Amino acid sequence: MVRIFFDNSATTRIDPRVLEAMLPYYESMYGNPSSLHQFGTEAHEALEQARERTARALGAEADEIYFTSGGTESDNIALQGIAFANRRKGNHIITSNIEHHAILRTCAFLEDQGFRITYLPVDREGLVDPESVLAAIGKETILVSIMAANNEVGTIQPISEIGLMAHEHGIPFHTDAVQATTKMPLDVAKDGIDLLSLSAHKFHGPKGVGALFLRKGLDVRPLAYGGGQEKGIRPSTENVPGIVGLGAAIYLGISEMDEEVGKMTSIRERLIDGTMSSVDGCQLNGHRTRRLCNNVNFRFENVEGESLVLRLDHEGIAASTGSACSSRSSEASHVLKALGLSAAQSRGALRLSLSKMNDMHEAEVFLQAIVKVVEGLRALAPTRSSGSGCER
Amino acid sequence: MVRIFFDNSATTRIDPRVLEAMLPYYESMYGNPSSLHQFGTEAHEALEQARERTARALGAEADEIYFTSGGTESDNIALQGIAFANRRKGNHIITSNIEHHAILRTCAFLEDQGFRITYLPVDREGLVDPESVLAAIGKETILVSIMAANNEVGTIQPISEIGLMAHEHGIPFHTDAVQATTKMPLDVAKDGIDLLSLSAHKFHGPKGVGALFLRKGLDVRPLAYGGGQEKGIRPSTENVPGIVGLGAAIYLGISEMDEEVGKMTSIRERLIDGTMSSVDGCQLNGHRTRRLCNNVNFRFENVEGESLVLRLDHEGIAASTGSACSSRSSEASHVLKALGLSAAQSRGALRLSLSKMNDMHEAEVFLQAIVKVVEGLRALAPTRSSGSGCER
Amino acid sequence: MAYSKKVMEHFIDPRNVGDTADSDGEGRASNAMDGDIVVLGITVVDNKIVDVKQQVFGCAAAIAGSSAFSEMILGKEIEEALKISKEDVAEYLGGMPEGKIKCSILGPEALVKAVEAYRGRDRKVD
Amino acid sequence: MAYSKKVMEHFIDPRNVGDTADSDGEGRASNAMDGDIVVLGITVVDNKIVDVKQQVFGCAAAIAGSSAFSEMILGKEIEEALKISKEDVAEYLGGMPEGKIKCSILGPEALVKAVEAYRGRDRKVD
Ligand SMILES: Cc1ncc(COP(=O)(O)O)c(C=O)c1O
Ligand SMILES: Cc1ncc(COP(=O)(O)O)c(C=O)c1O
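Protein chains in written order, with our numbering: chain A, 1 to 392; chain B, 393 to 784; chain L, 785 to 910; chain D, 911 to 1036.
By construction, these hints were calculated from the structure, which means they are not laboratory data. Values in this document were obtained by computation on a predicted structure and should not be read as measured data. Yeah, the Cβ is synthetic: ideal placement off N, Cα and C, and Gly gets one too. Don't take every hint at face value.
Unchecked claim - FRET-style restraints, in silico, Cβ to Cβ:
hint : chain 1 : residue 1 : chain 2 : residue 2 : range
1    : A       : ASP280    : L       : GLY802    : 18 to 28 Å
2    : B       : ARG479    : A       : VAL371    : 32 to 42 Å
3    : D       : ASP923    : B       : GLU523    : 47 to 57 Å
4    : D       : GLY1009   : A       : SER160    : 34 to 44 Å
5    : L       : GLU882    : B       : LYS582    : 50 to 60 Å
Between the sequences and the hints, there should be enough to build the whole structure, so can you do that?
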């Protein structure tokens, strides 16, 4: 059976070269980086090489990179960390209403703790207006956090403009770059970023490891306390193979970015054009051009998302309806709602997310399958025009 | 060159069978467990099998196991989680003064947040007196946290007695079992444990993954917020290969525990007897018999710990002075201090920690090396009796 | 919990799908919140359901549930068919993930209306 | 940062280790907090250090530092030798981890005392 993985925003397949780089740290160089002996020194060096690579990918300094257990933890350290460490300066944070739950639910927690959060709206295509950031900034504002690119609809935010707005008022700017990393250029200097979150498994690295860029001089309180690793910002025995994997994945991802982004963009375009021209009642969610190279998000009239995903899965194609984290729940997507879509419209959403491991042939297979699947589901559905039994 | 790894309390080498169990989840079953499709379902099933295995190893129910990023995070969720969720019931926590920094520094943070912490003393051999727990319990007490076995000196605490004391007053009991897991029997029912922390890399599983047992019905606040994974107690895309590794490691560790503990105990005894009979000025730290099967901790008069470790490393033997997490710093060990040792005595500490992968031959190699290394270092040292230059 | 094999079978290949226009009685049930709809048509001979047609819009649980329900009521006497609950449907399908059991309620609800419609028509014919 | 190769060389095989009893001047320096001790003995001819003996108790940095320092002062005139700082020792060893540079201070301190002792003896001899 074909197995096509079009769910790369949920997670990606590890690059075999990344796994290869990791294996020695499982098999023979398994020391604890804090240990004084040879095993410890080897592990420590591997850690520092990965830190260098991560820093280089972002235009940062190595000592501004902190390894974490993933995007969620990076986002939480950034938000909770800045909030609790800077409470005396102010209690106001600005974000958008299409952030990932790792941001939004952390903000809800911070509201419980007495912080005030401004959730900026987005337009129909998912864009935050930089002027709205400026308008929201007050004397109490201690952080602006706007994602680099959205995980559901792929809209790319004007982060450098937003960073500029924040900096004009001396406020640090955090960006959740979990989806953006290796999919678009990121430069913490040029883009005016003071904190940045990323997660290795979104770019062919291992699950359970991420990084946080923290500009020197920022005051941040950790979430957890322990043996002092990562300068106390993120203590715990370092996940050496995982961190090596992150380093290898970001190194490869950045080196090959131009080429791979081009390839993904062509597949994305073929998927968008092909589907919209062959399936009736299909619209694109998000921005037509300011979107991640690997994101396609449709809504189909009179088709239900879960059914669509499961029928596609039966055809060997893995895709998703809302974002992965909530796909086992059935809440409507907060992102699609923020874009102005009705609950009924959101219900017919399908996200295809690509990686460098996809190819054009897979797009063609999808284009065959989607017609069959949508037609099949619509054939089951009662036509809207038919009255109810009682009324006949 | 020989390479002998006697630093297994810092971390262990992964069991090849564990790595083998993990690899398919890197290579082909790489889905996000939250995803609806086949890739997601495979990953989800793997997660639940690991949860079952972990539960079985502890005598718990599968839905009482939460996967984390390691021992530090488990300890922090337990302590901060109980503290912040139960603040209305009281603000007092009881622990000991020989806990790992993941407990002690979290307690220090909680003190900053207005909690009151009782740090119970230990005797010269590192034992907490269960009666002292009872004596410390007050109306405000919301948690007792005492480690199952100490990471530096290996002393095994009377946790079931301590659990009983806590339960008599309806107070939940947490134990940091990071060093104890697979080294001694643990049963959350028999031992009266309500929360338990463990970390896979301490028992031949991967680094960066741990678990927290949380008895049903306990109120716990998470450290981080996000996509709702692990019932919201520990959100983030699950580290599937890591969790599979934890499951495999705990399954193997428990199945083979009796045999491996016996083997480690014989090596431990040989190391203790052999060293003490051939090196002058050598004492054992910790309890002679109530100690982990894999722990040896000496102090050598007139020898400095770091030098000892590095000279042993030069002979191909990896060991440690204080606990790993602080071995790149030079603070004196808080554990040895709590046992009543002077700073000078602590400075000569050497920890050897074994695993099932060590053998008796390695003990013999060590016994040769330690004589040479201690003699070599002592030969460098000024004899205490020689007066200072100025006084001559 | 993932869907059972039987749920997936019914979901991929739903039974008794078809136009309900020619049935003796047709019933429609819907869930305003989710937007799920089930339309059920029954053909009755001697108080026995001899043919069923169903149409469904919704998640996999709704589709499989409606399919299974149509199979379960086929050949049954009306009173017997009316006794089938959403839990029976879930059980028939080898279990349903928590929170998805509710998606099988529309079949039974639509049947109630279809029977009402059938009996109403019957009465008119009398 | 781990220890440099040169630190490890000096640590494993320290130079000029030996009894200081027969030196022209002996000096001892110690660090009360860490318990580190360095004892240095110098033999002086025409104001030049022609032999050095050292003994050391302490961490690897202290051992390597004392060894390196003994090597650095050998053959130097006293005034020149006294100018060598802990930073010079660290540099001579190809760098030292932060926080370990302080461990190289005992050599220079012991030299000051050894020179005092030597000069004191000298004076007495005069
Ligand atoms: C935009 C965004 N932020 C944060 C996360 C959380 O990352 P992780 O699941 O690795 O913790 C994700 C992915 O789930 C994401 O897409
Ligand atoms: C007793 C104890 N608790 C907690 C920890 C922390 O575990 P980890 O480093 O895996 O977070 C350790 C190990 O470092 C330990 O020995």
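Evaluated hints:
Taking the beta carbon of each, A/ASP280 and L/GLY802 are about 22 Å apart, inside 18 to 28 Å as hinted. At roughly 58 Å, the beta-carbon separation of B/ARG479 and A/VAL371 lies outside the given 32 to 42 Å, and the hint is violated. A hinted range of 47 to 57 Å holds for the C-beta pair D/ASP923 and B/GLU523, which are about 54 Å apart. Judged by the Cβ atoms, the range 34 to 44 Å given for D/GLY1009 and A/SER160 holds: they are separated by roughly 39 Å.
At roughly 31 Å, the beta-carbon separation of L/GLU882 and B/LYS582 lies outside the given 50 to 60 Å, and the hint is violated.
Comparing the model with each numbered hint stated earlier shows that hints 2, 5 do not hold.
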